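Protein chains in written order, with the UniProt record's numbering: chain A, 1 to 488; chain B, 1 to 488.
In case anyone wonders, no lab produced these hints; they're calculated from the structure. In this text, all values refer to a predicted model and were calculated from it rather than measured experimentally. Just so it is clear, CB atoms sit at the ideal spot from N, CA and C, and this is done for glycine as well. You may find that some hints are simply not true.
Taking lysine to aspartate or glutamate and the EDC-like style, the derived pairs with C-alpha atoms no more than 20 angstroms apart in a straight line are [unchecked claim]:
#1 LYS417(A) - GLU265(B)
#2 LYS209(B) - GLU157(B)
#3 LYS480(B) - ASP456(B)
#4 LYS94(B) - ASP456(B)
#5 LYS483(B) - ASP456(B)
#6 LYS417(A) - ASP383(B)
#7 LYS164(B) - GLU265(A)
#8 LYS417(B) - ASP383(A)
#9 LYS94(B) - GLU123(B)
#10 LYS94(A) - GLU157(A)
#11 LYS469(B) - ASP150(B)
#12 LYS164(A) - GLU426(B)
#13 LYS209(B) - ASP162(B)
#14 LYS209(B) - GLU167(B)
#15 LYS469(B) - GLU157(B)
#16 LYS483(B) - ASP326(B)
#17 LYS417(B) - GLU265(A)
#18 LYS164(B) - GLU265(B)
Taking beta-carbon pairs under 8 angstroms as the criterion, some of the chain B residues facing chain A (in silico) [said to hold, decoys possible]:
#19 ASN354
#20 MET356
#21 GLY387
So these bits of chain B aren't anywhere near chain A, every CB distance computed over 12 angstroms [stated by the list, open to error]:
#22 ASN66
#23 PRO204
#24 VAL249
#25 GLU281
#26 HIS441
#27 MET445
#28 PRO450
#29 LYS469
#30 TRP482
Protein chains: 2
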Amino acid sequence: MLMDDMGWGDLGVYGQPARETPNLDRMAAEGMVFTDFYTANPLCSPSRASLLTGRLPIRNGFYTTNAHARNAYTPQEIVGGIPDSEILLPELLKKANYVNKIVGKWHLGHRAQYHPLRHGFDEWFGSPNCHFGPYDNKETPNLPLYRNMDMIGRYYEDFPIDIKTGEANLTQLYLKEALNFIGRQHNDDRPFFLYWAIDATHAPVYASKKFLGTSQRGLYGDAVREIDDSVGQILAHLQNLGIAEKTFVFLTSDNGAALISAPNEGGSNAPFLCGKQTTFEGGMREPAIAWWPGHISAGQVSHQLGSVMDLFTTSLSLAGLGRPHDREIDGIDLSPVLLQGKTIDRPVFYYRGNEMMAVRVGLHKAHFWTWSNSWEEFAQGIDFCPGQTISGVTTHVQQEHTMLPLLFHLGRDPGEKYPIRVTSAEYQGAIQQILSIVQQHQKRMVPGEPQLNVCDRAVMNWSPPGCEKLNKCLTPPASKPWKCSWPH
Amino acid sequence: MLMDDMGWGDLGVYGQPARETPNLDRMAAEGMVFTDFYTANPLCSPSRASLLTGRLPIRNGFYTTNAHARNAYTPQEIVGGIPDSEILLPELLKKANYVNKIVGKWHLGHRAQYHPLRHGFDEWFGSPNCHFGPYDNKETPNLPLYRNMDMIGRYYEDFPIDIKTGEANLTQLYLKEALNFIGRQHNDDRPFFLYWAIDATHAPVYASKKFLGTSQRGLYGDAVREIDDSVGQILAHLQNLGIAEKTFVFLTSDNGAALISAPNEGGSNAPFLCGKQTTFEGGMREPAIAWWPGHISAGQVSHQLGSVMDLFTTSLSLAGLGRPHDREIDGIDLSPVLLQGKTIDRPVFYYRGNEMMAVRVGLHKAHFWTWSNSWEEFAQGIDFCPGQTISGVTTHVQQEHTMLPLLFHLGRDPGEKYPIRVTSAEYQGAIQQILSIVQQHQKRMVPGEPQLNVCDRAVMNWSPPGCEKLNKCLTPPASKPWKCSWPH
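Take the sequences, apply the hints, and build the full model.
Structure, rendered in structure tokens:
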């Protein structure tokens with residue numbers, strides 16, 4: 001279960017003051033809560049590519065070299081997508097007879113060769129991109145929703161989202177898809193992988209009528225409440241079918257809360273610094289809950305440094321499959337953590353585009369580069385760290401610290417407010433260890449072909465497969481590729 | 001159980017990432033967690049005076065008129081203290097045959113007439129003031145610890161605190177006192193009131209040897225772990241004695257975490273703005289847990305707007321006693337909240353010294369005055385809002401908003417980052433309601449005689465009662481009273 005832009009601080013169990021997530025809190029109480037779980041990138045597409053490949057975006061190609069340390073993703077005009085050379089989790093699970101379904105946002109490219117059913121999934125209900133809009137279908141086509149190979153309509157036309165009220169019933173549709181898929185696989189006695197990638201907490205935030213106005217937190221909270229309710233229904237479904245003890249469930253988010261959209265359409269990363277788009281903790285530390293009655297004991301808290309990439313490796317391990325050995329896999333197998341409460345030493349690398357911005361080893365985090373966004377953008381009101389300014393940390397230029405990394409102790413200082421003095425023994429000791437780990441990492445690093453460099457309006461979702469049946473085909477403009485501009 | 005400078009974000013159950021408070025978290029899981037519980041003042045002495053009198057500091061005299069909106073407390077040179085005209089909770093509980101004990105910090109004045117045993121307590125083990133030091137006993141005497149009427153030694157001399165390592169066994173002493181007192185009352189079959197006002201999380205922060213270095217969070221975390229362990233022991237003691245179902249336990253803190261002392265000696269108020277000394281949420285919203293097996297159902301969360309002053313009224317109610325009717329009592333009886341899960345409408349007033357800075361009604365909070373501290377202090381590095389700057393909110397001058405209060409919605413915006421537009425319908429509606437409540441409040445307000453205006457070095461703890469037996473009497477200087485200076 002992958003949340004979209006949901007922050008660490010959005011769940012009751014993680015201290016959200018309104019405490020409106022009784023189902024997620026119960027899931028946590030019945031399972032294992034991770035306090036130190038990370039995404040692989042502070043932005044949606046690369047994070048999702050990493051989850052499904054077990055590899056850093058710099059390896060699987062989900063980054064840009066158009067400029068230094070820039071976040072990039074897959075808008076409609078992107079030419080690239082997930083390369084055929086990448087092996088996705090569902091491709092491997094097929095070997096063990098799993099049926100694989102993605103419900104919700106794909107975000108690994110929307111052109112024909114990137115279709116999820118070409119990369120291991122058997123079923124799809126959802127959209128290739130974010131639900132931005134509404135568009136005019138002239139300059140920009142409205143985004144399609146797919147059922148399996150073909151589109152079945154477009155957002156704002158066949159699948160309404162009321163931008164004014166925030167009303168949309170998409171989470172209900174995604175819930176129904178999940179329940180139905182689980183029920184069918186249970187009936188067929190088939191093992192299954194459900195990738196439930198809903199997006200109600202990504203701006204434009206939405207909730208269905210029943211949930212509108214039910215939260216203390218406004219529309220964003222309404223969306224969270226609906227998701228919480230849906231998660232409760234999915235877990236109850238597993239229990240009612242008697243397959244909860246055979247089903248490993250994991251919930252996390254693709255990146256930190258989008259503070260630029262707060263407070264009405266953005267969540268909370270409290271107590272962490274900044275949010276989505278940044279390599280501070282608020283951009284990359286995620287809520288994460290593992291649930292598997294009978295296997296994962298109730299009421300556990302793990303401080304394991306975890307990553308969305310571990311879900312690739314762990315899922316393979318739990319399915320009795322081996323991981324690929326012809327390539328670097330960054331994810332580790334968390335089964336000893338989940339099943340025996342062990343802790344495994346490992347670093348966390350914080351990338352932004354083509355740059356390793358920071359690294360965490362134990363409780364220390366060293367920043368080699370800092371920036372939130374440019375002064376130009378900041379002056380326009382784009383603020384990834386609203387209300388938070390840490391001198392020398394939340395910089396508006398790309399500040400290089402490679403010679404003297406900025407060091408924090410995330411135990412004493414989870415908010416990255418107090419850089420450790422360079423002359424201290426703590427600094428000297430920690431940095432030595434960190435530098436040696438970074439050196440090892442960089443020596444073995446072979447970046448993949450960057451996929452997010454080229455844009456072209458001709459590749460937009462003008463005429464997705466199935467459009468002809470619906471009379472929803474639009475005429476693309478002539479191809480005029482350009483180097484995509486990634487401002488932050 | 002009153003914590004000292006412990007913040008909302010310091011407990012696992014409130015989202016502290018290290019989650020090192022298993023006993024407090026269990027207490028919460030077995031009882032009721034309050035998400036919206038407030039102190040009466042962002043500083044120690046007034047907060048404690050309010051807890052024990054059920055009245056705002058502006059009524060019970062725990063404020064200063066030496067300057068506008070200044071925080072004041074009871075350092076050694078203070079002349080004032082709790083007036084005889086105030087009726088304290090233990091005085092009333094005596095009528096129902098309760099035995100009353102204070103363990104730890106009193107802080108309502110240290111001169112003879114303010115002694116806790118003159119204000120309803122039967123026993124005392126602890127100190128009248130904060131454990132600052134060590135002092136030279138010439139310019140400033142080291143602070144005394146009392147057992148009942150007499151001093152039994154001084155901090156740093158007879159009760160060591162190692163400022164360098166943070167080692168001190170005081171929490172263990174305070175724990176032993178609590179366990180012993182509870183056991184004795186149980187044996188005597190007497191009803192009791194234990195006011196366990198420990199201070200390990202107030203700078204200089206300390207922990208006993210066994211707990212030093214055990215936290216991810218440094219010394220502050222060590223102190224929290226020791227307190228957590230102690231709370232666990234006290235609750236277990238009640239259960240072992242078979243009196244848990246006859247004992248109402250409440251844990252809260254006197255004010256928000258002291259961010260000026262963070263990260264080594266200060267806690268966390270995340271996700272709230274600023275900390276101790278301020279009337280932002282970080283200064284006044286407190287962790288609060290009610291525990292009473294068999295009476296308060298497990299696993300409850302209450303959004304009741306609560307106050308430390310309610311502990312006065314609620315305790316009286318639970319003891320079957322009435323509240324005084326010859327004076328205004330600001331605390332309300334929370335028994336319907338605790339026992340029947342009800343919610344009671346009531347405003348929260350945020351005072352700083354002689355000024356009502358802000359008021360909360362429902363989810364809206366209006367600031368009539370803002371300031372954190374002066375530019376002069378801020379320039380010296382005294383920062384009550386480190387890393388947090390909200391334009392027009394965290395002001396360094398006393399900014400008046402009485403004509404156009406700054407309005408926040410604490411549900412959508414618990415961090416007080418996004419003032420609501422004055423021209424919005426939401427603003428107009430909320431402000432009207434708030435202004436009428438404020439008007440009512442101010443119409444009935446009769447400020448008490450301010451107790452924190454006069455200082456005099458002659459009144460310091462030179463020769464507390466009992467000093468002669470210990471040969472610990474010091475010679476006071478001649479009396480030279482002055483108007484105390486309260487810089488923030």
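Structure-based check of each hint:
Between LYS417(A) and GLU265(B) the alpha-carbon distance is near 14 angstroms, which keeps this suggested pair within the 20 angstroms criterion. Restraint check for LYS209(B) and GLU157(B): satisfied, since their Cα atoms lie roughly 18 angstroms apart, inside the 20 angstroms limit. For the proposed pair LYS480(B) and ASP456(B), the alpha carbon gap of about 6 angstroms is at most 20 angstroms, so the pair holds. Pair hint LYS94(B) plus ASP456(B) does not hold up; C-alpha atoms about 34 angstroms apart against a cutoff of 20 angstroms.
At roughly 9 angstroms between alpha-carbon atoms, LYS483(B) and ASP456(B) fall within 20 angstroms of each other, so this suggested pair holds. Taking the CA atoms of LYS417(A) and ASP383(B), the gap is about 13 angstroms. The hint holds against a cut of 20 angstroms. Simply put, LYS164(B) and GLU265(A) have alpha-carbon atoms about 47 angstroms apart, too far for the 20 angstroms limit, and the pair is violated. Distance hint between LYS417(B) and ASP383(A) is fulfilled; the C-alpha atoms sit about 13 angstroms from each other, no more than 20 angstroms.
With a CA separation close to 13 angstroms, the supplied pair LYS94(B) and GLU123(B) stays within the 20 angstroms bound. Between LYS94(A) and GLU157(A), the direct Cα distance comes to roughly 35 angstroms. Violation of the 20 angstroms bound is thereby established for this hinted pair. Of the supplied pair hints, the one linking LYS469(B) and ASP150(B) holds, its CA atoms being roughly 9 angstroms apart against a limit of 20 angstroms. Restraint check: the Cα-Cα separation between LYS164(A) and GLU426(B) comes to about 17 angstroms, which is no more than 20 angstroms; the hinted pair holds.
About 11 angstroms separates the Cα atoms of LYS209(B) and ASP162(B), which keeps this hinted pair within 20 angstroms; it holds. Between the alpha carbons of LYS209(B) and GLU167(B) the distance comes to roughly 6 angstroms, so the proposed pair stays at or under 20 angstroms and holds. With a CA separation close to 16 angstroms, the supplied pair LYS469(B) and GLU157(B) stays within the 20 angstroms bound. Only pairs whose Cα atoms come within 20 angstroms are accepted, and LYS483(B) paired with ASP326(B) is rejected, the gap being roughly 32 angstroms.
Of the pairs offered as hints, the one joining LYS417(B) and GLU265(A) holds, with about 14 angstroms between alpha carbons and a cut-off of 20 angstroms not exceeded. Distance hint between LYS164(B) and GLU265(B) is fulfilled; the C-alpha atoms sit about 12 angstroms from each other, no more than 20 angstroms. Restraint check, ASN354(B) versus chain A: the minimum CB separation of about 29 angstroms is more than 8 angstroms; hint violated. Evaluation of the MET356(B) hint against chain A yields a violated restraint, the C-beta minimum of about 23 angstroms exceeding 8 angstroms.
For the restraint placing GLY387(B) at the interface with chain A, the shortest Cβ-Cβ distance is roughly 4 angstroms, inside the 8 angstroms limit, so the hint holds. Against chain A, the non-interface label of ASN66(B) holds: every CB pair exceeds 12 angstroms, the least being about 32 angstroms. No beta-carbon of chain A is positioned within 12 angstroms of the beta-carbon of PRO204(B); the least distance is around 16 angstroms. Consistency note on VAL249(B): stated as away from chain A, and its beta-carbon is indeed over 12 angstroms from all of that chain's, at 21 angstroms minimum.
Against chain A, the non-interface label of GLU281(B) is violated: not every CB pair exceeds 12 angstroms, the least being about 9 angstroms. The non-interface label for HIS441(B) is consistent with chain A: the shortest C-beta to C-beta separation is roughly 24 angstroms, beyond 12 angstroms. For MET445(B), the condition that its CB be more than 12 angstroms from all CB atoms of chain A holds, with the nearest at approximately 29 angstroms. No beta-carbon of chain A comes within 12 angstroms of the beta-carbon of PRO450(B); the shortest separation is about 34 angstroms.
Here LYS469(B) stays apart from chain A, with its beta-carbon at least about 43 angstroms from theirs, past the 12 angstroms limit. At the 12 angstroms boundary, the C-beta of TRP482(B) stays outside the reach of chain A, the nearest C-beta of that chain being 37 angstroms off.
Violated hints, in rising order: 4, 7, 10, 16, 19, 20 and 25; the structure is consistent with all others.
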